[in-house]
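Asker: Single-letter residue listing:
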Amino acid sequence: MSSITTLKYTLQLADNVLIMGQRLAAWCGKGPILEQDIALTNISLDQIGQARSLYQYAALIINNMPAADKAHLFNAPLLQEKINNQHTITEDDLAYLRDAWDFRNCLLVEQENGDWAYTVARSFFFDRFQYLLFTALQKSTDSTLAAIAEKSLKEVQYHIKWASEWVIRLGDGTDISKEKMQQALQARWEYTGELFAMNAIEQAAMQANIGVDVSSLQQAYQQQIEAIVNEAGLQMPTAAWMQTGGKNGVHTEHLGYMLAEMQYLQRAYPNMEW
Amino acid sequence: MTQVSFEASFQKKIDEEIMIEPQDYMPDEYRKTLIRQISQHAHSEIVGMLPEANWITRAPSLRRKAVLLAKVQDEGGHGLYLYSAAETLGITRDQMLHQLHTGAAKYSSIFNYPTITWADMGAIGWLVDGAAIMNQVPLCRTSYGPYARAMVRVCKEESFHQRQGYEIMLSLAKGTPVQKQMAQDALNRWWAPALMMFGPLDAVSPNTAKSMEWRIKRFTNDELRQRFIDVTVEQIRILGLELPDANIKWNEERGHYDSSELNWDEFWNVVKGNGPCNKERLATRVKAWEDGAWVREAASAYAEKRKTKKAA
Ligand SMILES: [Fe+2]
Ligand SMILES: [Fe+2]
Ligand SMILES: [Fe+2]
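Protein sequences appear in the order of chains A and B.
Under this note's numbering, the first residue of the first sequence carries the number 1, and numbering increases by one thereafter.
Under this note's numbering, the first residue of the second sequence carries the number 1001, and numbering increases by one thereafter.
It is possible that some hints are incorrect.
To be verified - Using 30 Å as the maximum straight-line C-alpha spacing, the simulated DSS-like pairs for lysine-lysine come out as follows:
1. B:Lys1305 to A:Lys30
2. A:Lys30 to B:Lys1210
3. A:Lys161 to B:Lys1307
4. A:Lys30 to B:Lys1249
5. A:Lys154 to B:Lys1287
What the hints assert, rightly or not - Partial list, derived from the structure: chain B residues whose beta carbon lies under 7 Å from chain A:
6. Pro1114
7. Trp1118
8. Gln1226
9. Phe1228
10. Val1295
Think of the hints as simulated: they come from the structure by calculation, not from any bench.
Ideal Cβ placement from N, Cα and C applies to all residues, glycine included.
Kindly produce the complete structure, drawing on both the sequences and the hints.
Answerer: Shown next, in the form of structure tokens:
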């Protein structure tokens, strides 16, 4: 199997959890309840940890590639020059030196935090997907990805519990919370279709038995989401159209601002150890 | 027992270093002092999350991001332990937060200074958490049981905080010239505010004497401040940075470092609410609280419904 496929597939997995973790991290110190501030930080820390494992693996693959194979991996000139100059690439190079069009995360995770209901809805939709994805990815023939999936799955089990409980709590709380939760589910639902639309990287990774056929997860996803939504006394959201693009590098406007903030130190003071 | 003998047995316990527990008799003034001190400490933990949370999304590496996030999360945990300890004295967390939000309760003035470069994450962990440790280690043996036990847990985590801060400073000090300059700038800005964390000079400290007698405090402000200076000057040398105060000199006779008088007008000005970030910090806390109102209401409405369902 081609190491380019493994690399790109790994990066896509990494981008999802980094962007999600970065979004949740912005809640730190501003949560509605101190205990929940801490709970959200836990989830964010898990995701950043997962992103690190995945980027480290991606960096390793790049560092072991023949020069000719990696001459045109990224649009980002700083990163590509480093690669072409045979520098050892690190997790931070991958997180901090690529621009939005090099990122392959789904649109869902880059959506803004909004209020508590929007944050819960986004996590609810994303974490459930991660749960199904990592469950399947444990069987990857790539032993590193399988091991990361297995370890991450334990964390994701807590994440889905947290998000599901909040959907139920808000759905079955007050009239106001019910309305806000319903609205947030409705607003974020249009970003869930992309999770199951196989892009070229996922196709190739599936054919090589290293990646998951995400389209096969959709039915279980729908059922599991619906069960929680029903328990919360809410309506299943609907979408006339599912947005796609992030997985192919065509993002919403939000990602650029987010990266500008996240990457600014590495950009303003390049090539330094922190 | 009469009131007099209650008080005598209370003071006897204090003198024999027996912990006072929530159900024990305690003079009103002791209770009030503790509520003020513990809630102020709890508020400092959660307001103190803000200047550092300010840099989580901008941390320069994934490792630094994760460590800083974990550190700020710890501070939230400290807030929790301390609010719980204060609640044993007959005040609720909501009441304490109300006092914070209305300005009736104070928090440590250090958090009213801005964090303007990444090096501030180093300086805060190293100096601010460092000063906090020096203030707090003696509190692990403070006379009120729940407070002392909370402080044991807090202090365990604080040493990790200080280490992560010092490690940031070390990377910068050993880094490129501009990184070293960034570290020096942060040290220069945080030095005096950190020293003020020990409180006013003993000579003018209104609460020290009684707190010492009750063994709520175990060392005076000036004693702790001097200890901090002595330790920190050595650490600055190891970093290879310039001393932030030209008057720092070893005093053979005293066996301590001498240093400049602090600008106490600035201290009192910040305490009064005129520091660079007082309004912003409080506004951020109030906004988080107000934005979260509907969430808390929903959570308690939901819990209430569960209870009735279970009972039925
Ligand atoms: Fe503290
Ligand atoms: Fe703390
Ligand atoms: Fe701390």
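Asker: Please flag the earlier hints that this structure goes against, numbers listed from lowest up.
Answerer: Going through the list in order, the structure violates hints 2, 4, 5, 6, 8 and 9 and respects the others.
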